[in-house]
Amino acid sequence: MALKDLFTKNQTKKKKYATIPTEAAKQDVPEGIMTKCPSCKKIMYTKELLKNHKVCLHCQHHFQMNAGERIESFIDEGSFEEINENMISKNPLQFPGYLEKLEKDRQKSKLNEAIVTGIGTVGGCKVVVAIMDASFRMGSMGSVVGEKITLAIEKADELSVPFIIFTASGGARMQEGAISLMQMAKTSVALKKFSNNGGLIISIMTHPTTGGVSASFASLGDYNFAEPEALIGFAGRRVIEQSIREKLPEDFQTAEFLLKHGQLDAIISRLDLAEKIANILEIHQPGGEITW
Amino acid sequence: MVGELEFERPLIELRKKIAELKEFTLNTDVDLSSEISKLEARLVKLEQDIYENIKPWDRVQIARHPNRPTTLDYISYLFEDFFECHGDRRFADDEAIVGGIAKFKGLPVTVIGHQRGKDTKENIRRNFGMPHPEGYRKAIRLMHQADKFKRPIICFIDTKGAYPGKAAEERGQSEAIAHNLFEMAGLKVPVICVVIGEGGSGGALGLGVGNRIYMLENSTYSVISPEGAAAILWKDAAQAKRAAETMRITAPDLKELGIIDEIIPEIKGGAHRDVKKQAEQIEHTLLATLKELLKLSPEELVEDRYNRFRTIGEFDFINEYAGVK
Ligand SMILES: [Zn+2]
Chain A
1 MALKDLFTKN QTKKKKYATI PTEAAKQDVP EGIMTKCPSC KKIMYTKELL KNHKVCLHCQ
61 HHFQMNAGER IESFIDEGSF EEINENMISK NPLQFPGYLE KLEKDRQKSK LNEAIVTGIG
121 TVGGCKVVVA IMDASFRMGS MGSVVGEKIT LAIEKADELS VPFIIFTASG GARMQEGAIS
181 LMQMAKTSVA LKKFSNNGGL IISIMTHPTT GGVSASFASL GDYNFAEPEA LIGFAGRRVI
241 EQSIREKLPE DFQTAEFLLK HGQLDAIISR LDLAEKIANI LEIHQPGGEI TW
Chain B
1 MVGELEFERP LIELRKKIAE LKEFTLNTDV DLSSEISKLE ARLVKLEQDI YENIKPWDRV
61 QIARHPNRPT TLDYISYLFE DFFECHGDRR FADDEAIVGG IAKFKGLPVT VIGHQRGKDT
121 KENIRRNFGM PHPEGYRKAI RLMHQADKFK RPIICFIDTK GAYPGKAAEE RGQSEAIAHN
181 LFEMAGLKVP VICVVIGEGG SGGALGLGVG NRIYMLENST YSVISPEGAA AILWKDAAQA
241 KRAAETMRIT APDLKELGII DEIIPEIKGG AHRDVKKQAE QIEHTLLATL KELLKLSPEE
301 LVEDRYNRFR TIGEFDFINE YAGVK
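Residue numbers (UniProt numbering), protein chains in the order written: chain A, 1 to 292; chain B, 1 to 325.
If you are wondering where the hints come from, they were derived from the structure by calculation, not from laboratory data. Be aware that one or more of the hints could be misleading.
In silico EDC-like cross-links for lysine to aspartate or glutamate, where the CA-CA straight-line distance does not exceed 16 Å [to be verified]: (1) A/K193 x A/E154; (2) B/K17 x B/E52; (3) B/K268 x B/E84; (4) B/K255 x B/E217; (5) A/K260 x B/E84; (6) A/K192 x A/E154; (7) B/K105 x B/D81; (8) A/K260 x B/E95; (9) B/K150 x A/D222; (10) A/K276 x B/D81; (11) B/K268 x B/E280; (12) B/K105 x A/E282; (13) A/K186 x A/E250; (14) B/K148 x A/D222; (15) B/K150 x B/E299; (16) A/K260 x A/E250; (17) A/K276 x B/E47; (18) B/K16 x B/E35; (19) B/K103 x A/E282; (20) B/K150 x A/E282; (21) A/K110 x A/E147; (22) A/K276 x B/E80; (23) B/K55 x B/E95; (24) B/K268 x B/E35.
Covered by chain A, according to a simulated footprint, are these stretches of chain B (three or more residues, beta-carbon under 8 Å) [to be verified]: (25) 80-89; (26) 105-115; (27) 145-155.
Beta carbons: idealized from backbone N, C-alpha and C, even for Gly.
Working from the sequences, and respecting the hints, build out all of it.
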């Protein structure tokens, strides 16, 4: 068999594979004209779903959003200016295959890392915003994520404007070992400094927010909010079930579970999010002279 | 009428009689207008007599009236853009206390208060307005937040008391209340407390260390419920009425004792007759107090609150030491 033939054959095989998507892939097709809701199984126009901030038109299920979609949905139109967009990860532990995985995710997500940071306005109020993107390395936090968050906090401090973070992360990035772990501390000490200077911190936890991210900046807002039904927790469900030898309740580690257990100020639907956050920002605007 | 009160019964009967006579004249040719106006004059006098001589026990009944306006009722009339914040970030969200951020005539404030339910279902959810430790911990969390962002704090007090229960003790009911007293002392923003219903002991005081403390005319504030006091003093909870009179728990009593700053007048018959009007009365007081307190520096506010409580207490000195030498 000629080398050329082999190539063609492979290509055909690949193509064939791509035309038979798995059940899971079918439920999660973001491209294409129609999208099926993984929660209520109803099918709707993708265009309409996007227009509805990726909230199911039938059951209000909140689809995961990438950073670009979030900016479009949340930040005042045309006001967003990205900062530190060119920062990329190194391979500090010489972890086998890490750089290749990063490169693959760069291609796939069109992002340099698992977070986008920048300056914009919400309801006319200037803010610094950091948006994690779970499509890049599951939104895990290594040096770059930690550094970009820290720089964003410092920018908010410098400009004396609120800092808003959208979290979506599987936790610390294993391939950077203890350096990843220390990003939890780095972002936290930066937040404390900002807070001591009177800075307003708003955390909005989206699906999923777990591990080292939930155990650091995600939980350190003056206001901690979450989107409906978002998975939020420290340890994974299976790890807990194995360690306590018990089946956990259905709603365990959902936003609703956290609200009941005192961890959230409120759950806010994405459809109301920009308006409600704008309202809170307005209440925190400095200098409104009262003339009674 | 729903929730009619014992002491109002003569009024209710007289009103009924007048209504009957009016009905009668409509259906017959008999002219009873002079009788009716006589009775109406009597009604005015009787109302005056009754409402100007409200006994302590009657006030207890008004304070416990099922339709008495709650914290959330007043919030809806007094503030704009109220956003409720939940949770103590420790254990749970205790719905016996509500709190959040809002604007009062354009000024950002933090509002916190005990919250009773309007019906059985809501009362179960809110534990009849009797908080667990997590309620007090939510409250102090929101007060610290107000302190950070330099917002005045307004507290509405309305509870039979902190919940006496096993779980509450396990999680440190005493520590939670004590911590609030301690931390409220250090707040660098104005703190205004208004007792709107029952001020039940430490459970009330846990939201009560303010620069100014006001009481609605028919609210109560006491170290123990009249029933509890009667049970201890006379081994008979049925003597609650007597205890209510002895213990000096009404707004006029507390004003006289120098524990509260002012009484906020209630409309005739109690706040439940007209929430909107009652809210207006509270609004006057809040406005005047904020104008006054906002002139103080953070240090002056802390000092003012310190003095407010430091001076409470009654004692004498005698010249000779009578004890063991
Ligand atoms: Zn759906």
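Hint check results:
1. A/K193 x A/E154: Since the Cα atoms of A/K193 and A/E154 sit roughly 9 Å apart, the hinted pair holds (cutoff 16 Å).
2. B/K17 x B/E52: violated, 23 Å
3. B/K268 x B/E84: Answer violated: B/K268 to B/E84 is near 32 Å, above 16 Å.
4. B/K255 x B/E217: Judged against 16 Å, a Cα distance of about 10 Å means the pair holds.
5. A/K260 x B/E84: Roughly 14 Å between the alpha carbons, so the hint for A/K260 and B/E84 holds.
6. A/K192 x A/E154: holds, 11 Å
7. B/K105 x B/D81: Holds. B/K105 to B/D81 sits at ~11 Å (cutoff 16 Å).
8. A/K260 x B/E95: Measuring from Cα to Cα gives roughly 10 Å; hence the hint holds.
9. B/K150 x A/D222: Since the Cα atoms of B/K150 and A/D222 sit roughly 14 Å apart, the hinted pair holds (cutoff 16 Å).
10. A/K276 x B/D81: Distance of about 10 Å is within 16 Å: holds.
11. B/K268 x B/E280: holds, 14 Å
12. B/K105 x A/E282: holds, 14 Å
13. A/K186 x A/E250: violated, 34 Å
14. B/K148 x A/D222: At roughly 10 Å apart (the allowed maximum being 16 Å), A/D222 and B/K148 satisfy the hint.
15. B/K150 x B/E299: holds, 13 Å
16. A/K260 x A/E250: The hint holds at about 14 Å.
17. A/K276 x B/E47: violated, 48 Å
18. B/K16 x B/E35: Satisfied, since the Cα-Cα distance of roughly 14 Å is no more than 16 Å.
19. B/K103 x A/E282: Distance ~10 Å between B/K103 and A/E282 Cα, so the pair holds.
20. B/K150 x A/E282: Cα-Cα ~14 Å, so holds.
21. A/K110 x A/E147: violated, 20 Å
22. A/K276 x B/E80: holds, 14 Å
23. B/K55 x B/E95: violated, 33 Å
24. B/K268 x B/E35: violated, 25 Å
25. 80-89: holds (count 8)
26. 105-115: n = 4 at 8 Å, threshold three: holds.
27. 145-155: holds (count 3)
Hint violations for this structure: numbers 2, 3, 13, 17, 21, 23, 24, all remaining hints satisfied.
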